[in-house]
Structure formats: structure tokens, C-alpha cells
Amino acid sequence: MSIPNAMEVHVKNYAARLAAYPKLCAMYQNGYLHTAKTALVPCEDGTFFVLTGDIPAMWQRDSAAQVTHYLPLARDAEVGDILKGVIRRQLMYLSIDPYANAFNKEANGEGHTDDLPRNDPWVFERKYELDSLCYPIRLLYLYWKQSGDDAFVAAELPRAAGVILRTMRTEQQHGENSPYRFVRPHAPVPWDTIPNGGLGTPVAYTGMIWTGFRPSDDGCEYGYLTASEMFATVILGYMAEMLETVCADATTAEECRALRAEIDDGIHRYCVVEHPTYGRIYACETDGMGHYSLIDDANIPSLLSIPYIGYADAEDEIYQNTRRFLLSSENPYYFEGKCARGIGSRHTPKNYIWHMALVMQGMTALSREEKREMLDMIVATDADTGYLHEGFDADCPTRYTREWFTWPNSLFAEFVEHCVDDGLI
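With the numbering used here applied, the sequence shown covers 1 to 425.
It is worth saying that the hints were derived from the structure and are not from the lab.
Wrong hints could be hidden among the right ones.
Simulated crosslink set (DSSO-like; lysine-lysine; CA at most 30 angstroms straight-line) [what the hints assert, rightly or not]:
no., residue 1, residue 2
1, 12, 37
2, 105, 145
3, 37, 105
4, 23, 37
5, 23, 338
6, 23, 350
7, 338, 350
8, 12, 145
9, 145, 37
10, 23, 12
Using the sequences and the hints, build the whole thing.
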């Protein structure tokens with residue numbers, strides 16, 4: 001597809017302000033346009049299919065994140081049509097299967113065809129991830145805030161809100177009410193499937209929403225993933241605001257607020273633990289029965305991203321305690337090497353740091369020094385490709401995963417623009 005003129009003008013304006021930093025400037029330009037140039041596929045129905053990169057499917061989460069940095073241009077007709085086209089396709093997919101995380105462009109039956117139960121032909125992968133319900137609403141809400149397009153919200157939100165609320169309410173009592181099961185026969189690693197016949201390990205009722213998988217597409221150890229619960233409270237607030245303000249539906253808005261309060265109560269009751277070194281911190285996951293894990297994963301939503309997703313301010317005491325833990329050797333997925341240090345994931349090899357986590361560390365940092373440190377580290381670890389990747393070896397950045405992965409590049413462009421606007425560079 002051709003690049004909208006508004007995007008070309010926008011990126012040139014920022015590039016001019018980055019002229020003193022040629023490599024950073026080139027990486028910013030590459031990152032900003034990466035999704036538009038390589039991942040957006042116009043469809044006959046006027047929607048847009050968004051390739052995640054080197055995987056020929058559209059993830060509900062990734063596709064929203066891949067275009068978020070285009071939101072400041074939402075009032076431009078061409079860019080606005082792209083954003084609306086992405087949202088409409090996401091909500092179409094949501095109506096087909098709210099438990100699926102990734103979809104095909106057509107109902108062609110491609111993807112993980114051996115998973116049980118069998119996928120709908122539209123579904124590429126049916127790993128239920130709570131954040132997949134949330135990301136389309138975040139994109140819709142931020143589009144609305146930028147564009148003021150009440151008509152689009154009124155046309156698209158009510159049906160989607162119903163699907164999301166029904167699914168979340170069902171998964172509040174997963175063991176008793178849920179129809180969802182997931183089994184991947186011959187899974188290459190244990191966390192690529194769900195135990196107990198696809199139902200998962202037992203959880204207690206907490207008011208929170210059960211989820212089978214993390215945003216990394218790796219299975220949860222325990223059923224309540226704190227960062228995704230936080231994200232859900234934010235999104236339910238967004239839905240309530242739009243339903244009440246635009247759709248004049250005070251009843252459903254109140255349903256959203258009530259569910260939000262139940263989840264938030266569960267977070268405070270079950271997800272905050274006392275650490276002997278760092279004080280009160282957020283656990284990564286819990287089952288509501290006394291078990292929890294103290295880790296973080298690079299994918300967003302993560303505990304590191306709490307201010308970015310809008311759950312709490314960066315200055316929040318529990319967040320700061322948690323952040324100090326996450327960026328220490330006590331987090332099993334924090335790695336330090338000869339070339340970089342940062343958070344990785346079980347999804348990639350040991351000692352591999354994710355560019356996405358470095359960007360998020362910079363975006364949530366309170367000090368200008370830490371923001372600049374992250375910028376410098378990112379620029380130094382692109383393996384001279386001009387692009388960011390998924391994970392890279394902390395000792396040798398030329399060893400990395402995913403040559404074509406637009407999400408971290410989009411996020412990086414957003415980070416660079418914040419730094420420019422704040423006068424950091």
C-alpha cells in the first residue's frame with residue numbers, strides 16, 4: 001500500500017529534529033514506517049489485515065500495538081481510515097471467537113490445525129489471552145480521543161462490549177462456567193499447551209479474570225496474570241466512558257464499572273506480596289489460593305509497563321518497588337551481558353533481552369539519565385540492521401530472533417517521539 005502523505009510529513013518533521021543523531025534518526029524512520037510499509041494489507045471489505053511480521057497471521061494484541069504510534073494522525077482522512085479499518089477487523093474477529101489470539105486473513109483453515117478442540121477456519125491460533133480482549137478497545141478508545149469520531153464508536157462498540165463482558169464474566173469462574181479448553185498435542189515445550197485436559201491448574205474465585213496464556217503466547221503457571229488484570233480494569237473504564245458518553249447506555253457502562261471494581265479488589269487482595277528486600281511488590285501470577293510467581297515477561301502488558309497501560313503512575317510506591325525487583329537478578333528473566341542488560345522471556349533463549357522491554361524501561365523511567373541510557377542501548381544493539389528484533393543475546397546482539405517484527409519498531413518510534421518532545425534529544 002502507498003504511505004499516507006500525513007505519515008511522510010510527520011516522520012520527516014521528527015527526522016529533522018534528530019539530524020544530530022544519524023543512526024538514531026534512521027532507526028526512528030525505519031521503525032515509524034515499518035508497519036505501514038510491510039504489515040498493513042488492505043482487504044476488500046475496507047478493513048486492514050495486519051501481519052505480525054514473519055508470521056502470516058494477525059494477532060489481536062500485536063495489531064493494535066503495531067499502529068498505536070499512528071494515532072496522533074487520526075484526524076487525517078487516510079490515516080483515520082487505516083485505524084478504523086484495523087479496529088473493524090479486530091472487532092470482527094472478536095465476534096467470531098473471543099478466545100482466539102490470532103486470525104487468518106480469510107477463513108482458510110491455516111495455522112495450528114492440530115490443536116484441540118479444532119479451530120474455526122478463521123482462527124490461526126486459539127490461545128486465550130485476556131489482553132486480546134483488551135487491546136482492540138484500547139485502540140478504539142485512543143482513536144476516539146484523538147479523532148472525536150463518535151459515530152464510529154456508536155457503530156462498533158455496543159456489540160463488542162457485550163462479547164467482552166460475557167467472556168470476562170464467564171472466566172471469573174473458570175472452573176465452573178468456562179467452555180474453553182486448549183490442548184496442543186505433542187507440544188514442543190510444556191507451556192505451549194494447558195494441563196488438566198486443557199482446563200488448567202485449579203484457581204479460586206477472586207473477582208479477577210482467568211487467562212490461559214501470557215502475552216508471550218506462553219501458558220500461565222497460575223491462572224490470574226496480574227498485568228493483564230490491570231489492563232482489563234483500564235479497558236473496562238474506557239468502555240464505560242464510551243458507552244455512557246457516546247452510546248447513552250448507562251446500564252452497560254455500570255456493568256463495566258462493577259466488573260472493574262471486582263477485578264481491582266482481587267488485584268489488591270491477591271497480587272500484592274511482601275518481598276524481604278523490595279517491600280510490597282506485585283506478583284506476576286497467582287491462583288488465589290496462596291501460590292504466586294515473582295517474575296516478569298517482556299511482552300506487554302507486563303508489570304514493567306504498568307504506567308504505560310494506564311493502571312498506575314510511575315511514581316506509585318508499589319510499582320517502584322516492583323520495578324526495582326524486575327530490573328534485578330532476582331527476576332529470573334532479567335539478564336546482564338557484555339552489550340546490554342534488561343528483561344527477556346521464557347519464550348526466547350536464556351540471556352536473550354527483548355528490545356520491547358528496553359523500550360518499555362525507557363518509557364516508564366523517571367529519570368532522563370535512564371531514558372537516555374535505554375535509547376543508547378537500543379541503538380547499539382540493532383545488529384547494524386536498522387531495525388529492532390524480538391530477543392537478542394546480551395553478549396552478542398548479532399544473535400537475535402525475528403528479523404521482521406514490527407511491534408517493537410512501532411513502540412520505539414513512539415518512545416523516540418516522546419524523547420524529542422520532552423527535549424531529551
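Results for each hint:
| no. | hint | verdict |
| --- | --- | --- |
| 1 | 12 to 37 | holds (16 angstroms) |
| 2 | 105 to 145 | holds (28 angstroms) |
| 3 | 37 to 105 | holds (18 angstroms) |
| 4 | 23 to 37 | holds (20 angstroms) |
| 5 | 23 to 338 | holds (21 angstroms) |
| 6 | 23 to 350 | holds (28 angstroms) |
| 7 | 338 to 350 | holds (14 angstroms) |
| 8 | 12 to 145 | holds (25 angstroms) |
| 9 | 145 to 37 | holds (26 angstroms) |
| 10 | 23 to 12 | holds (15 angstroms) |
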